[in-house]
Amino acid sequence: MSRLQSPSALKRKRPDSNSQGMTDQESVVYKLIHEKENMGIWVRDIKRSSNLQDTIVNKSIKTLLDKGMIKEVINVQNKTRKTYLAAEFEPSPELTGGAWYDDGNLDVDFINAVKKLCSQKIKQLKVATVESVMDSVKASGAFKADLKKNHFEEIFGALVLDNEVMEVESNGMGEFAGIKVGKVCYKAIGKRRVGAAAAAAAAAEPRIGAMASIPCGVCPRISSCTPDGVISPGTCVYYQKWLDF
Amino acid sequence: MVSQHGILYAVHLVTDQFGNLVAKVCECLLRNGALPIHAIVRRTELPPAKVKNSLLVLIQHNCAQAFILEESVSGEDAGEPGKAHTQYIALFVNILHRVRFSKFLDVVSKELGGSCGELFRGLLEHGRLTVKQIVDRADANAKESTNTVQEDLHKLVMAHYVECCPAPEPLVPPPDPDAKKLAKSSKVMVESLTLEQRVMAVAMPSSMRRFSFVPNTDQIADDQQNVNQPPNKDVGQKRKLHDLESDPALEEEVECNWRANFEELLRRLRHKACVDTIKARFDDVAATVLSAMLAASRAEENKVKTANSVPLSLDTIYEEVVKNEKNHSMTFDHVRTCLEELSSPPAFVRTDDESYSIDFTQIIEAAQNQEIESIILKRYGEAAHKIFRLLFGVGRLMETDKIADTIFAEKKETSKTLYKLWQDGYLLVEKVMIGFWSNI
Chain A
1 MSRLQSPSAL KRKRPDSNSQ GMTDQESVVY KLIHEKENMG IWVRDIKRSS
51 NLQDTIVNKS IKTLLDKGMI KEVINVQNKT RKTYLAAEFE PSPELTGGAW
101 YDDGNLDVDF INAVKKLCSQ KIKQLKVATV ESVMDSVKAS GAFKADLKKN
151 HFEEIFGALV LDNEVMEVES NGMGEFAGIK VGKVCYKAIG KRRVGAAAAA
201 AAAAEPRIGA MASIPCGVCP RISSCTPDGV ISPGTCVYYQ KWLDF
Chain B
1 MVSQHGILYA VHLVTDQFGN LVAKVCECLL RNGALPIHAI VRRTELPPAK
51 VKNSLLVLIQ HNCAQAFILE ESVSGEDAGE PGKAHTQYIA LFVNILHRVR
101 FSKFLDVVSK ELGGSCGELF RGLLEHGRLT VKQIVDRADA NAKESTNTVQ
151 EDLHKLVMAH YVECCPAPEP LVPPPDPDAK KLAKSSKVMV ESLTLEQRVM
201 AVAMPSSMRR FSFVPNTDQI ADDQQNVNQP PNKDVGQKRK LHDLESDPAL
251 EEEVECNWRA NFEELLRRLR HKACVDTIKA RFDDVAATVL SAMLAASRAE
301 ENKVKTANSV PLSLDTIYEE VVKNEKNHSM TFDHVRTCLE ELSSPPAFVR
351 TDDESYSIDF TQIIEAAQNQ EIESIILKRY GEAAHKIFRL LFGVGRLMET
401 DKIADTIFAE KKETSKTLYK LWQDGYLLVE KVMIGFWSNI
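Protein chains in written order, with UniProt numbering: chain A, 1 to 245; chain B, 1 to 440.
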């Protein structure tokens with residue numbers, strides 16, 4: 001061997017490896033994952049796009065995970081799909097579910113806490129806009145999470161569905177003075193009593209409709225019930241329980 | 001048109017209270033519409049005397065009405081041109097009201113007191129009574145004085161809970177053909193009246209006569225002196241002319257039988273339901289203001305199912321509010337603020353040029369929605385309740401994922417709940433192909 005040969009020529013290049021110590025297959029897999037940035041990629045999509053054998057893809061993913069170059073995340077849209085992300089990226093809200101999800105599961109406690117606080121603020125303000133409640137909640141520093149305006153809009157929507165608040169439009173007069181005409185506002189429903197009346201209303205059970213207060217109104221077998229049938233008012237167990245006072 | 005279940009139920013009620021014979025005649029009228037007596041005899045295969053007595057019972061208890069169609073009077077009748085044909089029609093709604101008597105009695109007793117309630121009970125039990133019969137009954141039961149009874153009857157008539165009975169055999173004109181042509185030409189939706197409605201519209205006395213009762217102590221005292229004489233009239237029949245000639249001023253009153261006015265009771269219950277709905281949605285102050293508006297506009301209401309109340313000024317409403325001692329502390333501004341609240345969308349009160357009127361349609365729709373939501377909540381749970389409110393509010397198709405996100409529920413659970421609601425017919429489901437048309 002000649003002494004004039006360059007030092008690099010002396011070193012023979014390792015077959016199937018690159019400067020990061022990855023094999024070619026691992027490199028292909030890593031490139032596919034990295035390209036997706038914070039959206040992540042499903043393992044089946046990796047297999048399809050790389051045209052590599054399943055065993056090779058699985059082995060490459062395991063190696064990359066061990067090296068800490070990629071991470072597995074839970075996709076709330078499809079929890080059974082294994083989704084991988086390059087280590088330097090944070091998963092997007094579409095993957096994680098956003099502020100309301102924690103480790104792929106709906107954070108019910110957090111949602112209820114936000115709903116309760118917003119409901120209290122609406123009662124205090126009597127007529128509230130999304131912005132006014134958002135500012136008030138952020139000023140209180142009650143939550144570490146960075147909640148945006150759309151998050152509060154979702155919470156207000158949920159409060160309307162719970163029948164705790166109603167959505168109204170400002171007419172600029174009276175209680176809406178100071179709020180632009182046509183702006184969407186929120187008011188508490190039926191809980192504006194004060195003193196003893198408020199305590200009594202709070203302690204009382206929610207108002208049940210007339211049909212819901214009798215067995216037939218909520219009976220799952222109403223369509224099969226006839227006066228002389230197997231299922232009939234005469235033999236009805238729900239009626240017996242209801243009348244047995 | 002009355003449904004089959006409705007007919008069965010009405011016949012059951014009449015059987016329970018008046019027996020099989022009367023029920024058979026009633027069923028014949030309900031199934032076949034208005035019929036003359038000979039047709040009823042033929043269809044029921046009962047003796048004419050029994051059919052007649054059954055009809056008298058039904059009329060006495062306001063479950064049927066006799067009438068004569070004008071076209072049958074002027075029409076040709078072989079051998080006897082111009083002969084009137086008295087027909088009889090069953091009053092289905094009044095039959096159903098019989099199960100509500102205890103509720104009606106409760107309403108009257110709470111508002112006007114026990115003695116008025118007792119008098120009203122007598123009218124419900126006997127269908128229709130003359131003043132003398134009312135006095136006699138009160139005397140037999142509670143030994144009340146004639147004056148007290150007359151005062152109670154006066155209170156009931158002034159409150160419109162009791163009315164003068166309709167004419168026994170009114171002449172019903174044919175429907176107005178010009179009205180139909182006008183409706184067609186102007187393309188306006190005109191509600192055509194059923195035969196029953198036309199008959200009752202003609203039979204009813206004018207509102208002045210219908211609710212006009214002046215206590216007449218002298219005449220009743222005279223009547224009581226004659227109480228030992230056997231009654232020579234059946235209930236519901238008019239006295240003969242010579243009996244009335246002695247006192248023409250009494251003629252109208254003596255001829256008048258009195259009965260419970262179901263229309264007014266329904267109106268009061270409808271108002272009560274509206275006030276309860278507003279109270280649940282807002283607060284006691286709003287309920288007070290609405291009650292005052294209803295009280296102030298009650299006299300002007302013509303129909304039970306009216307869409308809007310008559311417009312009232314703020315001053316009128318305030319005067320009505322402070323009439324009640326409990327509301328003396330309410331100020332003018334209180335009332336105005338409350339009305340502005342009720343006027344904001346969804347507007348339960350309409351404003352028009354400084355006057356306010358109640359939108360009954362809006363309030364009743366809110367109450368109906370509340371009933372349905374209550375059923376869904378109790379039967380399927382909170383998640384289903386939210387889903388129903390969401391889909392009802394948006395009024396269009398919505399994707400399952402979007403529904404789950406909006407109500408903050410897991411997608412799997414949401415799908416199960418949606419399926420249950422769809423199975424029981426509360427929801428419509430549609431599969432929509434997305435992405436296909438966008439590639440074309």
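Please note that a few of the clues may not be correct.
[Stated by the list, open to error] With a straight-line Cα cutoff of 25 angstroms, these simulated BS3-like cross-link-like pairs (lysine-lysine) come out:
hint	chain 1	residue 1	chain 2	residue 2
1	B	K305	A	K116
2	B	K412	A	K115
3	A	K121	B	K420
4	A	K79	A	K123
5	B	K305	A	K123
6	A	K79	B	K412
7	B	K411	B	K103
8	B	K103	A	K149
9	A	K79	B	K103
10	B	K279	A	K79
11	B	K411	A	K115
12	B	K279	A	K82
Since the hints were made in silico from the structure, they are not lab data.
How the hints compare with the structure:
1. B:K305 with A:K116: violated (41 angstroms)
2. B:K412 with A:K115: holds (23 angstroms)
3. A:K121 with B:K420: Given pair K121 of chain A, K420 of chain B is violated - Cα atoms ~36 angstroms apart, limit 25 angstroms.
4. A:K79 with A:K123: violated (38 angstroms)
5. B:K305 with A:K123: Between K305 of chain B and K123 of chain A the Cα gap is close to 36 angstroms, so the pair fails against 25 angstroms, i.e. violated.
6. A:K79 with B:K412: holds (11 angstroms)
7. B:K411 with B:K103: violated (47 angstroms)
8. B:K103 with A:K149: violated (51 angstroms)
9. A:K79 with B:K103: violated (57 angstroms)
10. B:K279 with A:K79: Since the Cα atoms of K279 of chain B and K79 of chain A sit roughly 46 angstroms apart, the hinted pair is violated (cutoff 25 angstroms).
11. B:K411 with A:K115: Satisfied, since the Cα-Cα distance of roughly 20 angstroms is no more than 25 angstroms.
12. B:K279 with A:K82: violated (53 angstroms)
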